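This is what each chain is made of:
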Amino acid sequence: MSQQILLKFISLRHLLHEKRTWLTLIGVALGISVFVSIRIANRSVLQAYHQSVDAFAGETTLEIVGRSGPFNERLLIALRKEAAIEKISPLVQSVLPIVEPASAAEEMLLLMGIDLLQEQDFRDYEIQGESDEIEITSAFEKLLDPESIFLTEAFAARHRLKIGDALSVRMGGDVLSFKVAALLKAKDIGQMRDGNIAFLDIATAQWRFGKIGQLDRIDLISDVQLALDGLITQLENRLGDGVLVRRPKQRNRHVEKMLFSFQMNLTALSAISLFVGLFLIYNTLLVSVAHRKKEIGMLRALGVDRPQIFRLFTIEGIAIGLFGGFFGVLMGALLARWVVQVLSTTVTALYVPIPPSPFSLPLPLFVEGIVIGVLVAAFSAIYPAWQAARLKPREAMEGIYSSEETGFKHGKLCVLGSGAGLLAFLLSQMPIRWGMSWNGYLAAALLLAAFSFFVPSTILAFSRGIRYFVRNRAPAWRLAQGHLEQAIRRNAPTISAFMGALAMMVSVVIMIESYRKTVLIWIDQTIQADVIGFPASYMTSDSDESMPDIIRSEIAALDTVEAVDGYRSRIILFRDAPVELAARDLAVHAAHSDYLFRKGSRDRLFQDAIGGTTLFVSEVLANRLELNEGDSIQIPTPQGLIPFQIGGIFYDYGTDGGKMVIDRSQIKKYWQDQQIDALLVYIKEGVDVVSLSQQLRSQWGTRQGLSFTTQRDFKTEIMAIFDQTFLITYALEWIAIVVALLGIANTLFVSILERQREIGILRSIGASQPQVIRIVLAEAVYMGLIGNLIALVCGFFLSLLLIFVINKASFGWTLQFHFPPEILLHSFIVAIGTALLAAFLPARKAARTDLKEAIAYE
Amino acid sequence: MNKSACLPLILAILLFAGSELSQAEPASEPSRFKKALPGYAFSFPRDHGNHPDYLIEWWYFTGNLQSQEGSAYGYELTFFRRGIENKVAEENPSHWAVRDLYLAHFAISDLSNKGFFYDEKISREAIGKAGAKIGKMAVWIDRWSAVQTGDGIRLLADNATMHIDLNLIPAKPLVVHGDQGISRKGDEAGEASHYYSYTRLRTQGTVRVKEKEATVTGLSWMDHEFGSSLLGAGQVGWDWFSIQLDDGSEYMFYQIREENGSNDPVSSATVIDTEGKSRHLSAQEFSLKPTRNWTSPHSGASYPVAWEIAVPSEGLSLTSRPALDDQELMTSQSTRVTYWEGATHFSGQKKGRQVQGKGYVELTGYAQTLKTQD
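As you go down the protein sequences, you meet chains A and B in turn.
For the first sequence, position 365 (counting from the first letter as 1) is numbered 365 according to this note's numbering, and the numbering increases by one without interruption.
For the second sequence, position 255 (counting from the first letter as 1) is numbered 255 according to this note's numbering, and the numbering increases by one without interruption.
In short, the hints are calculated from the structure, not lab data.
Each hint should be verified, as a subset may be incorrect.
[Said to hold, decoys possible] No more than 30 Å apart at the CA atoms, straight line, and that leaves these computed lysine-lysine pairs for DSS-like:
1) Lys277/B <-> Lys81/A
2) Lys179/A <-> Lys87/B
3) Lys289/B <-> Lys142/A
4) Lys210/B <-> Lys142/A
5) Lys34/B <-> Lys81/A
6) Lys87/A <-> Lys289/B
7) Lys599/A <-> Lys294/A
8) Lys81/A <-> Lys87/B
9) Lys211/A <-> Lys212/B
10) Lys277/B <-> Lys289/B
[Stated by the list, open to error] These stretches of chain B come out as covered by chain A in the derived footprint (C-beta under 8 Å, 3 or more residues):
11) 74-80
12) 118-128
13) 267-280
[Claimed, not checked] Every beta carbon over 12 Å from chain A, so not counted as near; a handful from chain B, in silico:
14) Phe44
15) Leu103
16) Asp142
17) Arg143
18) Pro170
19) Ala310
20) Lys350
21) Gln354
As the structure is a computational prediction, the values presented were derived from the model and not from experiment.
Beta carbons are placed, not taken as given, at the ideal position from N, Cα and C, and that holds for glycine.
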């Protein structure tokens with residue numbers, strides 16, 4: 001018999017006419033859609049990110065940045081002597097909150113101070129509506145005017161600004177006012193940051209931003225013939241160690257690495273649904289084999305050989321994968337619209353401002369989704385197809401109830417499971433290095449596999465274990481128990497899939513809760529100020545706004561105030577990577593607040609650091625750079641490299657880029673920096689926090705553009721940001737659960753189908769419809785319970801992997817393990833609820849089974 | 001704004017909008033710039049240097065060179081300075097605050113290979129990136145420079161395709177053009193410049209075009225001009241000639257063309273005899289007649305590239321022939337601010353004797369959009 005005929009009359013009939021095929025299809029499609037949507041979103045976000053890097057870099061081949069922040073402009077003189085450099089463009093920039101127009105108030109604007117005469121070779125500046133070259137000249141001339149600013153079309157349109165209108169930004173209590181001189185077309189750099197970018201002359205920027213004699217960056221175009229690596233070394237030798245020379249693409253290499261980890265974690269999470277989908281196909285086909293034994297037997301008797309049978313079932317599986325993949329990609333594309341948005345927001349909040357990512361479904365991703373569907377399907381079809389092929393014709397002809405579940409090799413599976421578990425354990429013990437945690441992901445996959453192998457034995461043990469308890473219960477419980485054991489081969493994959501999804505959910509919940517708890521403890525211990533004051537733009541983005549030290553002294557002089565800690569944060573390049581250097585009045589901090597040090601005496605550590613060149617390093621940074629207490633490190637300052645000693649290493653969950661803390665006297669001394677980013681106000685006993693913060697607000701708030709918030713509100717805000725970042729994670733979990741739910745429904749459907757005769761007999765001997773429903777639901781409850789039981793254990797181990805291996809390697813945080821007891825209740829509710837929900841329809845169908853038809857079945 | 005769109009435009013403003021600028025200023029606020037008025041006493045080397053009190057200034061070098069292998073080259077290297085008037089900018093302590101803009105044009109005519117290459121620069125002073133010294137000749141933008149060295153001047157300029165390194169030694173003393181130290185450009189007082197030239201500079205050095213480097217010798221011409229208003233209203237462009245004859249004399253002619261097609265009567269000329277003595281000629285004393293036009297395939301502008309030149313009082317009649325037709329500088333198609341500046345050969349009769357010569361001709365205002373007077 002030709003394969004075509006077989007496919008046409010046998011497979012197609014099954015595929016099209018059986019409801020469970022459709023359920024499987026939906027499940028597979030859902031699983032793939034989640035995976036695809038995350039892939040699309042990751043890609044869109046990365047693309048948007050790279051586009052922004054490119055648009056900002058333009059033709060730049062190399063850039064120079066100061067290791068300690070802005071650097072002396074006289075560096076240019078040495079640079080000009082370098083024959084290999086063809087063009088040089090210096091930049092001064094600042095990100096500041098807008099004051100006027102009112103509709104844009106508190107939006108952040110990146111102001112780039114450029115030398116337009118040099119910029120032309122680097123980036124494209126296309127001015128709106130000015131084809132006449134004389135007007136361009138006048139626009140250019142206007143930019144030399146100290147009040148002129150170029151805005152983007154998008155920004156101007158959004159806020160109804162036209163040429164000649166006023167725009168002002170706030171900087172540390174001062175308001176800088178400009179007049180719109182020209183509008184840049186929404187192209188290249190003109191569309192960055194959603195149009196919130198403005199250009200002014202470098203002379204104006206230096207003057208207005210208080211950076212006379214300083215530059216933030218120099219862009220270079222070098223001789224194309226020369227290898228950049230050699231040139232970088234040559235330039236660094238010439239320019240000294242105060243600056244870093246790098247390719248523009250390297251600017252965010254560090255960010256990219258973290259972004260990669262973040263996206264990898266998401267991809268891994270989205271793979272859960274795929275994994276559940278895999279079990280779903282496996283399950284469907286296995287059931288199909290069992291159900292169609294008679295048919296297989298007939299085919300074999302008719303001369304169809306084993307390879308043909310094998311192919312038949314493999315192709316059926318692949319067909320499900322193909323269609324599932326196709327619909328999955330389409331659904332994934334829909335889902336991606338939402339995911340892209342959330343992801344952009346999260347990435348902007350956590351790592352780097354990226355433009356809103358354009359949504360697209362590129363062909364490669366489309367094809368990839370379908371290919372993944374087919375591969376997953378093919379993989380999951382192998383065992384069921386083999387099962388079908390090895391049936392002897394006679395054996396098969398005996399039909400669906402013959403040889404059910406004979407010789408199930410529990411022992412072998414348990415050995416396999418133990419092996420996988422052991423391997424997972426060994427992988428998890430590998431030393432942790434910063435970066436992609438291949439061993440962690442592999443261990444997680446092995447762990448899931450290991451627990452899946454234990455599912456059949458657990459079913460058996462469970463069934464035997466409850467036999468005693470259900471002995472005196474309603475018959476529904478007993479019948480269901482009996483069937484559970486009888487149908488291990490079919491129930492095991494369903495429970496595995498369900499268990500897998502649930503275990504992942506449990507582990508992620510434990511991980512997030514541990515993280516949350518750790519952050520809460522950290523916030524409680526380190527943020528003890530009663531009122532916190534900062535520029536209004538401080539919490540939201542990469543603002544450069546700061547305030548003068550005088551405000552600190554004014555507030556400190558109030559009767560109600562005990563002490564004020566001035567906090568200043570700068571970004572320095574330490575070993576070529578950006579690190580936050582935080583300077584604060586450590587004496588005040590030590591007296592009123594704390595750092596959680598890894599080791600050493602707290603008082604002693606603070607004593608050494610106050611006023612001295614001892615610093616604290618965050619644990620994340622210490623792990624990443626392999627720094628230890630007592631090490632001496634060179635900190636780049638405007639006065640050159642200054643040796644500092646690492647006093648303590650402290651836990652910090654505020655930045656994932658790493659942080660160093662020095663006494664503020666040092667930043668005054670080496671940077672001549674008197675500015676402050678945040679004020680931590682400690683009040684005297686008995687003073688009312690709320691009325692004090694109101695007083696501060698009315699006195700310094702509007703005048704200086706400062707926000708004051710109480711400790712409680714501040715903490716709430718931090719936790720809100722925290723929760724936002726885990727939004728996608730939660731969503732992914734729920735979709736995996738839905739896929740698993742479909743799996744359970746599917747299995748139960750088949751189970752009813754197979755037991756029509758049994759149910760018929762039950763009905764004929766007097767079982768009522770509700771009784772039948774109860775039997776089916778009882779079995780579902782058993783399945784849910786078993787799944788939940790294994791999932792809790794598996795999830796616990798998975799969460800250990802997530803917390804101590806994968807997260808540690810990806811982000812460097814040490815989290816304190818926290819097992820939220822409510823997870824026991826929650827997972828129980830989810831498991832039983834899902835199982836009952838999935839079982840309801842099959843149960844009703846079973847109850848409505850026509851008596852005669854049921855008994856006549858077979 | 002397109003890349004490099006600025007430069008020719010600034011140049012246009014620099015060359016043509018001087019009067020416009022001074023008109024635009026409110027009467028109550030006097031310009032910080034002086035006008036070029038009669039009675040100016042030149043003093044050297046002081047006047048080789050920068051004159052920041054004047055709005056506009058340029059140092060201009062052209063020359064015809066030959067290599068030992070017989071290749072012929074023309075070159076142009078010009079530095080412009082234009083003052084920027086802005087009261088607020090003057091208060092800005094930043095080294096980037098613009099008080100002057102510097103511009104430069106660099107062109108090589110590879111006559112033996114009929115190649116013409118040009119480049120341009122524009123810059124603010126920017127901590128030594130560009131500048132001009134006071135008291136001696138030293139003007140530069142990046143690595144392009146003209147610097148007084150002992151008894152000569154050294155010119156350096158390069159880009160990816162071309163390079164010059166030339167030493168110029170005066171063979172004759174400098175010549176001050178015009179009357180009473182001013183060269184008139186318009187009828188109004190101050191519509192003039194202070195203008196002098198080295199008309200015969202013995203030149204040697206190296207020229208590189210693409211991969212080919214050559215040791216060269218030849219003759220160069222230098223103009224240095226400064227003032228605060230160069231063209232008057234209604235003027236559209238000029239034709240300028242520098243001629244070095246093989247009998248040891250030189251001639252400089254310029255005529256300013258008006259919108260109505262006539263020549264402004266302020267057009268004038270200077271004759272320098274073999275001894276270096278100079279004589280000023282007024283517009284009536286010479287005639288310049290175009291004999292052939294060349295239409296640029298780049299800009300579409302039509303330039304009178306060949307001329308008949310006559311100075312009856314000198315018994316001089318010359319015909320000019322461009323060493324190469326295409327010596328048009330056009331920096332960007334979108335701006336179309338374009339001029340022709342080219343090595344030119346001269347031949348004819350002087351007091352009945354055959355004479356030959358080389359020099360440079362500058363033709364401005366022929367491309368359509370030089371209408372900055374609108």
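Hints, verified against the model:
With a C-alpha separation of about 43 Å, the suggested pair Lys277/B and Lys81/A falls outside the 30 Å cut-off, and the hint is violated. For the proposed pair Lys179/A and Lys87/B, the alpha carbon gap of about 16 Å is at most 30 Å, so the pair holds. Between Lys289/B and Lys142/A the CA atoms are separated by roughly 42 Å; this puts the pair beyond 30 Å, and the hint is violated. Taking the CA atoms of Lys210/B and Lys142/A, the gap is near 38 Å; set against the 30 Å cutoff, the hint is violated.
Note on Lys34/B and Lys81/A: the hinted pairing is violated, with a Cα-Cα distance of about 36 Å set against a maximum of 30 Å. Of the supplied pair hints, the one linking Lys87/A and Lys289/B is violated, its CA atoms being roughly 44 Å apart against a limit of 30 Å. Of the pairs offered as hints, the one joining Lys599/A and Lys294/A is violated, with about 71 Å between alpha carbons and a cut-off of 30 Å exceeded. Among the hinted pairs, Lys81/A with Lys87/B is inconsistent with the structure: their alpha-carbon atoms are about 33 Å apart, more than 30 Å.
This hinted pair does not check out: Lys211/A and Lys212/B have alpha carbons roughly 46 Å apart, beyond 30 Å. Simply put, Lys277/B and Lys289/B have alpha-carbon atoms about 26 Å apart, close enough for the 30 Å limit, and the pair holds. Given as covered by chain A, the region 74-80 of chain B fails the check, having 0 residues with a CB less than 8 Å from a CB of that chain where 3 are the minimum. A stretch counts as covered by a chain when three or more of its residues have a beta carbon under 8 Å from one of that chain; for the region 118-128 of chain B and chain A the count is 6, and the coverage holds.
Figure legend: the region 267-280 of chain B, annotated as covered by chain A; annotation inconsistent (0 residues with Cβ-Cβ distances under 8 Å, at least 3 required). No beta-carbon of chain A comes within 12 Å of the beta-carbon of Phe44/B; the shortest separation is about 30 Å. With a least CB separation of 10 Å from chain A, Leu103/B falls inside the 12 Å interface cut-off, contrary to its annotation. With a least CB separation of 7 Å from chain A, Asp142/B falls inside the 12 Å interface cut-off, contrary to its annotation.
Non-interface status of Arg143/B relative to chain A is broken: a Cβ of that chain comes within 12 Å, the nearest being about 8 Å off. Against the 12 Å criterion, Pro170/B stays outside the reach of chain A, whose nearest CB is about 30 Å from its own CB. The claim that Ala310/B is not at the interface with chain A holds, since no C-beta of that chain comes within 12 Å of its own (minimum 38 Å). Every beta carbon of chain A lies more than 12 Å from that of Lys350/B, the smallest distance being close to 44 Å; the non-interface claim holds.
Against chain A, the non-interface label of Gln354/B holds: every CB pair exceeds 12 Å, the least being about 47 Å.
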